[in-house]
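S.K.: The primary structure of each chain is shown beneath.
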Amino acid sequence: MTTILILLVEDEPNSVFFFEHAATKVGITNPLRVAKDGREALDYLEGVGEFADRRKHPLPGLVILDLKLPRVAGFEVLKQLRQQPETRALPVLMLTSSASDEDVARAYALGANGYLVKPSQLEELVKVVQGIKDFWLTLNRPPPPGGAS
Amino acid sequence: MGDDPTPDAERDPPDSRHRAAPIIERAPLPIIEVQGSAHIVSYVNPAFCLLLGKSREELVGKPFSEIVPGGSECLPILDHVYQSGEAVTHACKVDAETNPAHWLYAIWPALDTNERPVGVIIQLTRAVNFRRDAAAINEALLISGLHQHELTAMAEKEISERKRIEAALQTANHRLADQAGELERLVAERTEKLRETVADLEGFSYSVAHDMRAPLSGMQGFARILLDDHADKLDAVAHSYLERIASSAARMDMLIQDVLNYTHVMRSEAALAPVDLNKLVEDIVATYPNWQPPAARIDLEDTLPRVLGHEGFLTQCISNLVSNAIKFVAPGVTPRVRIWAEDRPHFAAQASENGKMAAGPASDGPVVRVWFEDNGIGIPPGARSRVFRMFERINPADQFEGTGMGLTIVRKAVQRMGGRVDFESEAGKGSKFWIELKKAARSSEAA
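Protein chains in written order, with our numbering: chain S, 1 to 149; chain F, 1 to 447.
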């Protein structure tokens, strides 16, 4: 298992809590940072303002992104981070309660690497997080440091 | 002009005109003067115009034979009067009209100052129910003036009445047109408003249902964590309360999920496309662990055809129908479901067969009925009307979990695909639900 940083973009405190809970349950030990809205996520990823120090705020190796977010919506975050050289190749997983085909299609069109529907049951969420651990944190090889060329 | 007589007395007889005109102009008797051997009309009085229903301009200058029905028959008499200077009466029957009548004539010569005939004056009247003798002619000619008078007064009255009615009618028509336009505008306006309201309401219920799920999963999640991870710190009572919180939240979640499913079926575009029903049923059955043996047995008999439907809607229908079939069994009974298809007459043919219109819209193509037969508890006859109603539950909630939405969703989805749904059942003997759908063309024929 790699020790990449996970950035969870999620405004709902319960959802953050349950994700962390599920991550603990399945034994994820990776560092986890939380951005409470789309603006904060972009600031972190771009290293702006309080996140300017990359030693304190390193680039994540995986972004888990909600769609319905305050300030800047999930799709806009995805769109903007795909335009930055540093984050262009960054694996981004959508984790949202929306199961609509329209949203799924749009997410992939904007460059999402995966789309997960947020289950309402904790047990189901644990399964989803287990899947994230097994594939994205274990089997998958992340892009090398320095981003994509 | 009267003091300067023209030499050509035949064509322009000023004397007769000047003598006759003031006297007979206002007579209530229809009087006409003709001149010359061709008997050209030189004068008509207003009563005469009224009798023939023509203006003076239409009559003056025309030969007499052309203006009065059967006038040519009188020409020898006119010639006789013109030549002899005698006055005569004459009755002439006209059969050509719808109601046969007699035209009655009093004819006398117009003489110049030298007592020579320069024209012929005719008093004319029209009589129905006329007996043909001299006395009758005279009588009729005399009293015609009175009739004429009545006729004039009546005609004027009738005309003014007719005009009044016409005007009133026109006003009413205008008002009606205005009101119809106004009504149309109102209807269009209200329809638009209603459409907006319905769309708002649907959108509202969708987002309410959607947003309600987040706090609900909070409740469920924390109850679950307490039960899983902190059970050792809870006594049995606290544990059972937590279980109740969790199951209430789970039930609420099911309800919301079904409301979402229902609004989804209502809101989605129901574009119909060929769907391989056999594959779809197999796929759906495979996704439910508790539908597999030994928990349950599902027999998919024969091969279900391709139907014209909507995959999402069909999935809702099949999973709800099969889930009901498996759920509603007596304790200890292993659920067994049989699914098969049967060709049916067209919807239209069925409608005439039953003598009433089917619930779904009429369709032309071939129809298939898909049966879902179970070995469950059945539906008592008294519950038949409630089965498809929203939030209705036939069986107690403590025995059979459910939202009372499943069959409501099935019915809505089937309706949106232009099909029908119903069932046959007897309490204790299981149920046979069916849905009817339009058959799709064979895959080789499909575009």
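It should be emphasised that the hints constitute simulated quantities derived from the structure, not laboratory data. Each residue gets a CB set at the ideal place from its N, CA and C atoms; glycine is no exception. Treat the hints with care, as some may be off.
[Stated by the list, open to error] Covered stretches of chain S (chain F as the covering partner; in silico rule of three or more C-beta atoms under 8 Å from a C-beta of chain F):
1) 13 to 25
2) 84 to 97
[Unchecked claim] Short derived list, chain F residues pointing at chain S, Cβ under 10 Å:
3) P215
4) S217
5) G218
6) G221
7) H230
8) D232
9) D235
10) H239
11) R251
12) I256
S.K.: Each hint should be assessed against the structure and marked as holding or not.
M.R.: Comparing the hints with the structure gives:
Evaluation of the coverage hint for the region 13 to 25 of chain S: fulfilled, as 5 residues show C-beta separations to chain F shorter than 8 Å, against a requirement of three. Counting residues of the region 84 to 97 of chain S whose CB lies closer than 8 Å to any CB of chain F gives 1, so the stated coverage by that chain is violated, three being the minimum. For F:P215, the suggested interface contact is upheld, since its CB lies about 8 Å from the closest CB of chain S, less than 10 Å. The criterion of a C-beta within 10 Å of any C-beta in chain S is met by F:S217, whose closest approach is roughly 4 Å, and the hint holds.
Interface hint at F:G218: satisfied, since its Cβ lies 4 Å from the closest Cβ of chain S, which is below the 10 Å cut-off. Given the 10 Å rule on beta carbons, the hint for F:G221 holds: about 4 Å separates it from the nearest Cβ of chain S. Using the Cβ-Cβ criterion of 10 Å, the hint placing F:H230 at the interface with chain S is not satisfied: the shortest such distance is roughly 12 Å. For F:D232, the suggested interface contact is broken, since its CB lies about 17 Å from the closest CB of chain S, more than 10 Å.
Of the supplied interface hints, the one on F:D235 is violated, with its beta-carbon coming no nearer than about 23 Å to a beta-carbon of chain S, more than 10 Å. For F:H239, the shortest C-beta to C-beta distance to chain S is roughly 17 Å, which exceeds 10 Å, and the interface hint is violated. A least Cβ separation of about 12 Å between F:R251 and chain S goes past the 10 Å threshold, and the interface hint is therefore violated. Hint status for F:I256: holds, given a least beta-carbon distance of 9 Å to chain S, under 10 Å.
Hints 2, 7, 8, 9, 10, 11, counting from the list given before, are not met by this structure.
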